Amino acid sequence: MITAELIRLLAFLVGVIAFAALNAAYLVWAERKGAAFFQRRTGPKEVGPHGLLQPLADGVKLMTKQLLVPDGVDPVLFKIAPIMLLVPAIMSFVAIPFGETLAARHIDLGLLMIFAFASVNVLGLLIGGWGSANKYAVIASARVVSQNVAYEIPMLLTAIALVMATNTMNLNEIIIQQGGGIWNWNIIRLTWAASPLTPVAFLIFFTCMLAETNRAPFDMAEAESELVAGTFTEYPGMGFGVFFMGEYANIVIGACLVTILFLGGWQSPLPFLPNSVVWFLMKMYAIIFTVIWIRWTFPRTQFYALLNLSWKYLIPISLLNLIVTAGWLKVF
Amino acid sequence: MAYFSELFTGTRSLFIGMGITLREFFNTKVTLQYPHEYVKMTPRFRGHIELVKDAETGLTKCIVCGMCQKACPSGCITVEGEKREGVKGKVLTVYTLDFTKCSLCGMCVESCKPGAIDFSKDFNLASTRRSDFVYDLIKRLEEKN
Ligand code: SF4
Ligand code: SF4
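Protein chains in written order, with our numbering: chain A, 15 to 346; chain B, 14 to 158.
Simulated from the structure, these hints should not be mistaken for lab results.
The model shown is predicted, which means the values in this text are computed figures rather than measured ones.
Don't be surprised by glycine CBs; every beta carbon is placed ideally from N, CA and C.
Treat the hints loosely; a few may be bogus.
Claimed, not checked - Part of the chain B face toward chain A, derived, beta carbon under 7 Å:
1) I29
2) G32
3) T34
4) E37
5) N40
6) K42
7) L45
8) C115
9) S116
With the hints as extra help, turn the sequences into a complete structure.
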């Protein structure tokens, strides 16, 4: 009994890490290709067919660089920060149901767990900036924190509205409730089970997801044109590489969350098509594509505009959404 | 009221912007794979100067008058010639161009009456050694033959 459980555990550990690492590596490739295509360029092409070995080359390049720890940094914080970004992101994969039975663990409070781990991400960036003993990094990490605080509120408010409607925090349960065709997905819920504001909630959640994962146009954490490279200014080689992988793992988590909460997870769009993990991955990668698409369409927002968007628009509207949902559930 | 109209127009403009980039995504790509492919240089491109080949004799048209050397404000041209038995005029023996100093002003080409020099279309010139930019134009002409 115990060995079977151990093997299961090990299999999922390997699977989750491989999934996260492969995604991180190839999302960098996809990002560069996407960037190129949106600008009518061809992107990476030299290393392997269509530049498919580019992530490998990038990896080798990062590994061969010296792991420099600058003078004056806080050595413990400096070294722990990239790990604090990557590990929680990988841990979050544990709770994500990719298919009906394909999940490392069906956790009853899966949604809560992912949000809890997501908040460690900010701490990692803050510690990285603070430990770097560099003014620009400290400024950047201060901005990251205020941004994340600002966007966590509307994100959680919309999530709460959804939890109220679905009456569970189990991610698989949330997906099961969206079964039976595209009209049952939370994004365009045409049944009485959720409020009519869910498309708005989707937009809010998606915007917050972009901001939480520090993606353009909200990439204040990096801000390479203003702050050199924001919080990771002082990080060399693989230290930066781990930060980068953490960022991409976070994007995957964000896309998974959007897929689960609004797009019906592994549910097929039409009732007669079989449910499968393929639907999940298709939806997830569509979201990731949109994230890349947005990045190469809009310039980085100014910081005041960023905070204004959250405090002036997203938070009031998500509060309204919460109230409307509560009223809706009471009436129907 | 401005609050809502701002919200509405703002969101709308974001979607219009995304529409434009999506169109470009599927548009034909314009990248030139530079080291493997080259652009066709325009006829007016001014590279370093080069001796022109006479279509009839296959030799240089230069009469060693030295006008180009005099005209060059940077002093990068060296022309030398010698008298030879049975040949009218002088024969060109040395024509070197120190391209490190050349400002591509074109004075030399303008001052050359027989039209013996012209701009080349070479642009892919890179080296770590200064001496690589001192060209023996006679040798280049011979190599072309
Ligand atoms: S282009 Fe101007 S600077 Fe260059 S060789 Fe001719 S005269 Fe001299
Ligand atoms: S001006 Fe023309 S003909 Fe005279 S020396 Fe120079 S290249 Fe030769």
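Here is what the structure says about each hint:
1. I29: Violated, because the Cβ-Cβ distance from I29 (chain B) to chain A comes to roughly 10 Å (cut-off 7 Å).
2. G32: 9 Å, violated
3. T34: 4 Å, holds
4. E37: It holds, given that the least Cβ distance between E37 (chain B) and chain A is near 6 Å, below 7 Å.
5. N40: 6 Å, holds
6. K42: 5 Å, holds
7. L45: 9 Å, violated
8. C115: 34 Å, violated
9. S116: Not OK, violated: S116 (chain B) not within 7 Å of chain A, min 34 Å.
The structure does not agree with the numbered hints 1, 2, 7, 8 and 9 stated previously, though it agrees with the rest.
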